[in-house]
Amino acid sequence: MTYIENIFLCLAIPMILSLFFIKGRARSYTLFVTIGMGICLLSAYVNSLFMWLYGVDGTVAAIEITPVCEELLKLLPLLFYFLIFEPEPRELPTVAIAIAAGFATFENACYLTENGAANFSFLLIRGISAGGLHILCGILSGFGISYVFRHRWLSVTGTAGILGACTGFHGIYNLLITADGGWKTAGYLFPSVLIICLFIAKIVLPKFTISLK
Amino acid sequence: MSAGAERKKKMNFELIDNSFQIIILGLSTIAALFLALRYKSRSLLILALAYACFCMGTAYYILYLVIMGKVPQVFYVAEISWLAAWLFYLSVQILRMERVGYRFSWFAVSAAVLVAVVAFADHAFGPSYFFSALFALVAGVNMYLSVLGMQSVHPYRSTDGLMAGCIVLQVLLYLTSDFIQDYTCFNLYFAVDITLTLSMVALLPFTLREVGK
Chain A
51 MTYIENIFLC LAIPMILSLF FIKGRARSYT LFVTIGMGIC LLSAYVNSLF MWLYGVDGTV
111 AAIEITPVCE ELLKLLPLLF YFLIFEPEPR ELPTVAIAIA AGFATFENAC YLTENGAANF
171 SFLLIRGISA GGLHILCGIL SGFGISYVFR HRWLSVTGTA GILGACTGFH GIYNLLITAD
231 GGWKTAGYLF PSVLIICLFI AKIVLPKFTI SLK
Chain B
18 MSAGAERKKK MNFELIDNSF QIIILGLSTI AALFLALRYK SRSLLILALA YACFCMGTAY
78 YILYLVIMGK VPQVFYVAEI SWLAAWLFYL SVQILRMERV GYRFSWFAVS AAVLVAVVAF
138 ADHAFGPSYF FSALFALVAG VNMYLSVLGM QSVHPYRSTD GLMAGCIVLQ VLLYLTSDFI
198 QDYTCFNLYF AVDITLTLSM VALLPFTLRE VGK
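The listed protein sequences derive, respectively, from chains A and B.
Residue 263, in my numbering, is where the first sequence stops; the numbers in between run on with no holes.
Residue 230, in my numbering, is where the second sequence stops; the numbers in between run on with no holes.
Just chain A, with the same shape it has in the complex:
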C-alpha cells in the first residue's frame, strides 16, 4: 500500500513554507507546482472511486478512466485562475506548465515509492516520457486557452476541445505503456520525441506569432 497523502505532505510542505519567503514569478510558479501535486493526489482518489464504481482492475483504469479524470482535474485550477483572476494571455502557459510539472513530479514520486528507484535507465526514460506527456498537455491547454480560443463562444468550444485532445493524447500514451514489447517502447518514445520537436520549433521559430485573423 502506498501512503500517497504522506508523500504529498513531505513534498508539498517545504514548497508551501518557501512561499512565505519568495516573491513575484518564482512564488507563483512554486504555488502552481504545489497545486499540480495536490491535483495529482485528488485525481488518485477520483480514479479509485471510478475503479470501485465500475469494478475494473488497475490496467483498465489506467487506460480508460485515468486519462479522463486526470486531464479534467488538471484543467480545473487553470480555468479557475483564468476566469477569476483574468491574467494576461502570456501568463497562462507558464501556469499550465507549472501545474503539469507538479502533477508529473508527484506521479513520479509515487511511482518510485511503489516500484523502487534501482533501475536508472528505465526511470530516466519514464521521467522524460511522463514529464513530457504532462508538459505537452500543459502547453496545449495554456497556449490554446490564452491565445487561440480567447474569444467569446470560441472559448467554450475551444476549451472543451482542448480537454478532449489532451484526454485522447494521454489515453494513447497510457494504452501503449501498459502493453508489452514494441508498443511499450513506442509509448515511452512518442512524448519524448514530440517534446524534442516542440523545443526545436521553439528555437527555430522564436518570433512566431499567430495573427488571429
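Note that these hints are calculated values from the structure, not bench results.
Keep in mind that a hint or two might mislead.
The calculated SDA-like cross-link candidates involving lysine to any residue, where the alpha carbons are at most 25 Å apart (straight line), are [claimed, not checked]:
{"id": "1", "chain 1": "B", "residue 1": "K87", "chain 2": "A", "residue 2": "S205"}
{"id": "2", "chain 1": "B", "residue 1": "K87", "chain 2": "A", "residue 2": "G232"}
{"id": "3", "chain 1": "B", "residue 1": "K87", "chain 2": "A", "residue 2": "D107"}
{"id": "4", "chain 1": "B", "residue 1": "K230", "chain 2": "A", "residue 2": "C247"}
{"id": "5", "chain 1": "A", "residue 1": "K234", "chain 2": "B", "residue 2": "G86"}
{"id": "6", "chain 1": "A", "residue 1": "K234", "chain 2": "B", "residue 2": "E31"}
{"id": "7", "chain 1": "B", "residue 1": "K57", "chain 2": "A", "residue 2": "F249"}
{"id": "8", "chain 1": "B", "residue 1": "K57", "chain 2": "A", "residue 2": "I63"}
{"id": "9", "chain 1": "B", "residue 1": "K57", "chain 2": "A", "residue 2": "G232"}
{"id": "10", "chain 1": "A", "residue 1": "K234", "chain 2": "B", "residue 2": "L225"}
{"id": "11", "chain 1": "B", "residue 1": "K57", "chain 2": "A", "residue 2": "S205"}
{"id": "12", "chain 1": "B", "residue 1": "K57", "chain 2": "A", "residue 2": "I245"}
{"id": "13", "chain 1": "B", "residue 1": "K57", "chain 2": "A", "residue 2": "P143"}
{"id": "14", "chain 1": "B", "residue 1": "K57", "chain 2": "A", "residue 2": "A111"}
{"id": "15", "chain 1": "A", "residue 1": "K252", "chain 2": "B", "residue 2": "G43"}
{"id": "16", "chain 1": "B", "residue 1": "K87", "chain 2": "A", "residue 2": "A111"}
{"id": "17", "chain 1": "B", "residue 1": "K87", "chain 2": "A", "residue 2": "K252"}
Add chain B to chain A, keeping to what the hints say.
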C-alpha cells in the same frame, strides 16, 4: 484455421479503413499545421487540431482493439477525442460566421434539429446519454451555422456546404453501423467512412483558399 487467424481475418477491412484514416488525417494535420505557420492563420491552426483529434481518436480505438482484443467498455476515450475534433470543426465555423454575421433562419434550425435528433436517437457516441447528447448538440449547432453560411451572400459558401456534408456523413456512418454486422470486407459502412475522411481532408484546401484571399 486457428481462432487468432480467424479474428485477424475478421478485423481485416476495419484495420485497413482505420489505418487509412489515421495516415490521411495524420498527414493532413502536418499540412494544416505547416500552412497555419506559413499564413499565420488561426482557422488553419484549429483545423490542424481537429484533424489531430480525429486521428488520435481512431488511433486509440484501433490500438485498443489490437492490444486488448475488444472495444473500450468504461470511459470512451476514442469518442471523447472524436467529439473534440467536432468541437474544433465547430470552432472553425464560429470563426468563419463571425465575419459573415449571425441571423435567424427557420430552415437552418430545421436542419440542425433533424441532425441533432437523429444523432441522439441513434446513440451515436456509445450507450452513454451524456456523450450522445453532447455530440448531438455540437453537430446540431455546427449544422445550423453551416446552413446559415450556405444561405448567406458570401463567396465561400462551398466551405459551408462541405462542412454540412461532413456532419451528414458522420451521422450517416453511425446509422449505417446499425445495419452492418460483418466488418470483414468492404461494405456501405466503409464507403461512408472513407467518403467522410476525404471530405474532412477537403476542408483544408477550401479553408486555405479563404485564408489566402
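Is the straight-line distance between the alpha-carbon of B/K87 and that of A/A111 25 Å or less? holds, 15 Å
Do the alpha carbons of B/K230 and A/C247 lie within 25 Å of each other, as the hint requires? Cα-Cα ~31 Å, so violated.
Run the distance test for B/K87 versus A/S205: straight-line Cα separation, threshold 25 Å. Roughly 36 Å separates the two Cα atoms, so the pair is violated.
Keeping to a limit of 25 Å between CA atoms, is the pair of B/K57 and A/I245 held or broken? holds, 22 Å
Keeping to a limit of 25 Å between CA atoms, is the pair of A/K234 and B/E31 held or broken? Roughly 23 Å separates the two Cα atoms, so the pair holds.
Does B/K57 pair with A/S205 here, judged by a C-alpha cut-off of 25 Å? Between B/K57 and A/S205 the Cα gap is close to 19 Å, so the pair holds against 25 Å.
Would the pair A/K252 and B/G43 pass a check requiring their Cα atoms to be no farther apart than 25 Å? The hint holds at about 21 Å.
Taking only the CA atoms, is the gap from B/K87 to A/K252 under or equal to 25 Å? The given pair, whose Cα atoms are some 40 Å apart, is violated under the 25 Å limit.
Proposed proximity, A/D107 with B/K87 (alpha carbon, max 25 Å): OK: B/K87 and A/D107 at ~16 Å, within 25 Å.
Keeping to a limit of 25 Å between CA atoms, is the pair of B/K57 and A/I63 held or broken? Cα-Cα ~44 Å, so violated.
Mind checking the alpha carbons of B/K57 and A/A111 for me, to see if they're no more than 25 Å apart? violated, 40 Å
CA of B/K57 to CA of A/F249, is that 25 Å or under? The given pair, whose Cα atoms are some 19 Å apart, holds under the 25 Å limit.
Hint violations for this structure: numbers 1, 4, 8, 9, 10, 14, 17, all remaining hints satisfied.
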